[in-house]
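Please build the complex by placing chain B on the supplied structure of chain A, with the hints as guidance.
As a plain string of letters, each chain reads:
Protein chains: 2
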Amino acid sequence: MRIGFVQNDPHFGQIQDNLDQVRELVGEQKIDLLVLPELFASGYLFRDCAELRLYAEHTGAGPVTRFLVELAKQTGGYIVGGFAELSGDHIYNAAALVNCRDVLKVYRKIHLFDREKLYFRAGEGPFWVEDLGICRLGLMICYDWYFPEAARTLALRGADLIAHPANLVLPHCPEAMKTRALENRVFTVTANRIGSDQRDFQTLSFIGRSVIYSPNGTLLASSSSDCATLQTVDITLTDARTKRVTGRNDLFADRNPEHYQI
Amino acid sequence: MRIGFVQNDPHFGQIQDNLDQVRELVGEQKIDLLVLPELFASGYLFRDCAELRLYAEHTGAGPVTRFLVELAKQTGGYIVGGFAELSGDHIYNAAALVNCRDVLKVYRKIHLFDREKLYFRAGEGPFWVEDLGICRLGLMICYDWYFPEAARTLALRGADLIAHPANLVLPHCPEAMKTRALENRVFTVTANRIGSDQRDFQTLSFIGRSVIYSPNGTLLASSSSDCATLQTVDITLTDARTKRVTGRNDLFADRNPEHYQI
Chain A
48 MRIGFVQNDP HFGQIQDNLD QVRELVGEQK IDLLVLPELF ASGYLFRDCA
98 ELRLYAEHTG AGPVTRFLVE LAKQTGGYIV GGFAELSGDH IYNAAALVNC
148 RDVLKVYRKI HLFDREKLYF RAGEGPFWVE DLGICRLGLM ICYDWYFPEA
198 ARTLALRGAD LIAHPANLVL PHCPEAMKTR ALENRVFTVT ANRIGSDQRD
248 FQTLSFIGRS VIYSPNGTLL ASSSSDCATL QTVDITLTDA RTKRVTGRND
298 LFADRNPEHY QI
Chain B
48 MRIGFVQNDP HFGQIQDNLD QVRELVGEQK IDLLVLPELF ASGYLFRDCA
98 ELRLYAEHTG AGPVTRFLVE LAKQTGGYIV GGFAELSGDH IYNAAALVNC
148 RDVLKVYRKI HLFDREKLYF RAGEGPFWVE DLGICRLGLM ICYDWYFPEA
198 ARTLALRGAD LIAHPANLVL PHCPEAMKTR ALENRVFTVT ANRIGSDQRD
248 FQTLSFIGRS VIYSPNGTLL ASSSSDCATL QTVDITLTDA RTKRVTGRND
298 LFADRNPEHY QI
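So the protein lines, in turn, are chains A and B.
The opening residue of the first sequence carries number 48 in this note's numbering; numbering runs sequentially from there.
The opening residue of the second sequence carries number 48 in this note's numbering; numbering runs sequentially from there.
Next up, chain A with everything else stripped away, as it sits in the complex (with noise of 0.2 Å):
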């Protein structure tokens, strides 16, 4: 099975041309399961509510969601990427999966990152893992990597790997997700963009570095700080289907939940 992910270098609000830049960057790849990041095709810092909702689309009836059918046609395999998402009067940071024909699923962020609190409404839940066949997938974005409950509960409901578009701005997280894979055993794919929003009243900087991690912490596939780039892995998918890690443990027998606080 051949996973990637794109890390890209959008411009704030130019959707038709950050779009391009992906297409691009794929070309005539075929992927199983491909990632972009968070809020890819539009930009990250918004300055408020009504310029969000400028970039924001129904499920399925705006440009990023129907790109992202377009781009699954492309790659032959499934697309996860980050989109504003309008659905009656909010708006939320979330996540389409597709495949060359519709929108499977969507994922809404659940845990909000500073300004993000301003202008998008917290996903009402729950986690959810689709079977898709070639591999058990879960969602989780950018900020999420931070509670170690968001992968768990991924991984506890049966996810072989977690796809994490995201807009890092701390310098924690890929380092980190070495540590969601391991403890889970499962693959992880963190697509994070590079570049800047640069807006009159902040500037945020991302720092790329996305990456790919195997049930036992290897790094599979990591990019630079600063370099758009496409990477693709091939990986086995059943190494995510046992939590063992030596003859007497697996990590998911040996816990115990009855100590555990929540």
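Check before you lean on any hint, since a few could be wrong.
Just so you know, same-sequence chains aren't split out, so a pair can sit in one copy or run between any two.
Computed cross-link-like contacts, EDC-like style, restricted to lysine to aspartate or glutamate with a CA-CA straight-line distance of at most 20 Å [claimed, not checked]:
1) K120 to D161
2) K164 to D301
3) K164 to E104
Read the hints as simulated data drawn from the structure, not as lab findings.
Every value quoted in this text rests on a predicted model; they were computed, and no experiment measured them.
Same frame as chain A, but now just chain B:
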């Protein structure tokens, strides 16, 4: 507040020699909280229950816990160290918290690793946190690190600092403890041993690399894989009392337990 760890090189079964080595490493230093490795006085790789029983002791009534109290007189602070605790018919892989007068609390390892399952009884919990005035202290032992719920439970119960006696044989923990510190905004002190237990039925080598992290993930102290050593560092404990990561984000207030599976 001065905290530290001893990374020792015990010889299996040579309790008096091993205690002497620790005493020499500590010397005349004054340390508010000192952490020693798991089973630091006995060695780790027991043949069976009968052999383990030779080295187990009732809390406060054997050479290891008595030594810890004597050592606390020397350092003038609190000490955490691992020992085999005899209680009724059971033996626990335990860690004692002592001051210069007595053993204050014992933590019994909840997640047992590999052969430990053959001869130790798993701790019945709960994970406790003790308010020492100078800090609120939680304990976990070695393989407990692999379970994010262990450190999380201690942090949610108010721990500022997690003392983590260990006998690590796998390579991941020294790096992963950075994530444990970050995700909970606590100090962590992992005290590991070096050397190996060479028995006729198996040989195990230990990785050293003891580490202290701050609540923002800074590596405050670390040691090599092959050197017996004492290391100390001065910390500002209140750094662990705020869980804030941005002006709008507090790691504990941002949790959404209703979405977490346990």
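Those earlier numbered hints the structure runs against, lowest number first: 1
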